[in-house]
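S.K.: Chain residues, written in single-letter form:
Protein chains: 2
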Amino acid sequence: MQFSSKLLEEAVNEFSKLPGIGSKTALRLVLHLLNQRQDEVDRFGNTLIKLRKEIKFCTNCGNISDTPVCTICSHTKRERSLVCVVEDSRDVMAIENTNQFNGLYHVLNGLISPMEGIGPSDLNIERLVERVRLGEVSEVILALNPTIEGDTTIFYLYKKLKDFDIKVTTIARGIAFGGEIEYADEVTLGRSIMTRVPYENSLLR
Amino acid sequence: MQFSSKLLEEAVNEFSKLPGIGSKTALRLVLHLLNQRQDEVDRFGNTLIKLRKEIKFCTNCGNISDTPVCTICSHTKRERSLVCVVEDSRDVMAIENTNQFNGLYHVLNGLISPMEGIGPSDLNIERLVERVRLGEVSEVILALNPTIEGDTTIFYLYKKLKDFDIKVTTIARGIAFGGEIEYADEVTLGRSIMTRVPYENSLLR
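Residue numbers (full-length UniProt numbering), protein chains in the order written: chain X, 1 to 205; chain B, 1 to 205.
Chain X with its partners taken away, still in its complex shape (with noise of 0.2 Å):
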């Protein structure tokens, strides 16, 4: 693309970084920003600048939180002995929208992938094995994607809390609600069968 401003040409390289976010997507979004009023702009920047420079991750468990401690792991009524691993803060966020997860969360921040360059120690892993050791966790629930990166990483975990007393448990993969028998690929259905459920437990609450 031929820029006829150097400034529009660095903003737009600077939104192309972003994931997803081409060339023509980014000069869509620079002219738009450029149409908006000068304060808008600046809080949109300066919005970001403090976000980075003054977000924290909650101590416990990981999570983007405003305060040393996040709202989940500080709140009382919840079952602190259930602790559900997640990739990331959107799964977390995931999750809370269902209502039906009253424990605790540990955010790894990132899944193990060799291809990316990243290991076991880039994670938040020993913090989570130390929360096991110190006793107060009866189970944990690996819920991470079903790709490559998440099946390594349960793995890699399991075999750090095996030998713990503890369960270790991770999510039922199967046919979505909604979803259509016909449709579904041939591993999700056949993995569907072998861990079927008793009828009573498969309705929704």
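Mixed in with the good hints there might be a few duds.
Same chains, same label: a pair holds when it works inside one copy or across any pair of copies.
[Claimed, not checked] Mimicking DSBU-like on lysine-lysine, the simulated pairs with C-alpha atoms at most 35 Å apart in a straight line are:
1) Lys77 to Lys159
2) Lys6 to Lys17
3) Lys56 to Lys77
4) Lys24 to Lys159
5) Lys24 to Lys160
6) Lys24 to Lys167
Note that these hints are calculated values from the structure, not bench results.
Got chain X; can you put chain B on it based on the hints?
M.R.: The following block gives chain B in isolation, referenced to the frame of chain X:
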């Protein structure tokens, strides 16, 4: 969405204001920025603020520029009597990329849209009429999108310009190169027959 942090929520809200960015995409982008270094996020935010603050628009054609008169308008080798009217800077870049146009531009910075409350006085139209009145222009090419807003704007501009001793043209509509006749819509196909051109003129040069 329930956020674990006020700062995070504010940043996601700011991103969600951009066109085509929903709250889930906004969250993904914000979490990406959180994983970048502080100086990278600072550069991202400050580049946008600086762009909005320091950007200039060419006093002749209205295109985005770092200087009072843009590089195209101040170019000595360009055909000054030919003016191509476009909606915004993106269209200037698209036409420049074709290497088929050697005239000047005039950027309206929008289209007439009663639905969005944008009238002729909100656009860079007076300056176009002034350029024509000054007698430098022999042809105005209206290169606007074939939408209701585009056609309305073309009609308005044509009325404003028709009494001057200049040619007013629009870009050709028809079947795209590589497009198939079978799949073209009726209006385009019908028009492409009505406005057929001699074979010699149709060859790509």
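S.K.: Using 35 Å as the alpha carbon limit, work out where Lys24 and Lys159 are close: within a copy, between copies, both or neither.
M.R.: Between. Shortest inter-copy distance 33 Å satisfies the 35 Å Cα cut-off; intra-copy 46 Å does not.
S.K.: Is the C-alpha distance from Lys24 to Lys167 at most 35 Å within one copy, between copies, in both cases, or in neither?
M.R.: So Lys24 and Lys167 pass the 35 Å test across copies only (33 Å; inside, 50 Å).
S.K.: Which holds for Lys6 with Lys17 at a C-alpha limit of 35 Å: within a copy, between copies, both or neither?
M.R.: both (17 Å within a copy, 25 Å between copies)
S.K.: Quick one: Lys77 to Lys159, C-alpha cut-off 35 Å, is that within a copy, between copies, both, or neither?
M.R.: within (31 Å within a copy, 71 Å between copies)
S.K.: Please work out whether the CA atoms of Lys56 and Lys77 approach to 35 Å or closer within one copy, between two copies, in both situations, or in neither?
M.R.: within (23 Å within a copy, 57 Å between copies)
S.K.: Tell me, please, which holds for Lys24 and Lys160 at an alpha-carbon limit of 35 Å: within, between, both or neither?
M.R.: Answer is between; shortest inter-copy Cα gap is 33 Å, intra-copy 46 Å.
Going through the hint list in order, the structure satisfies each hint without exception.
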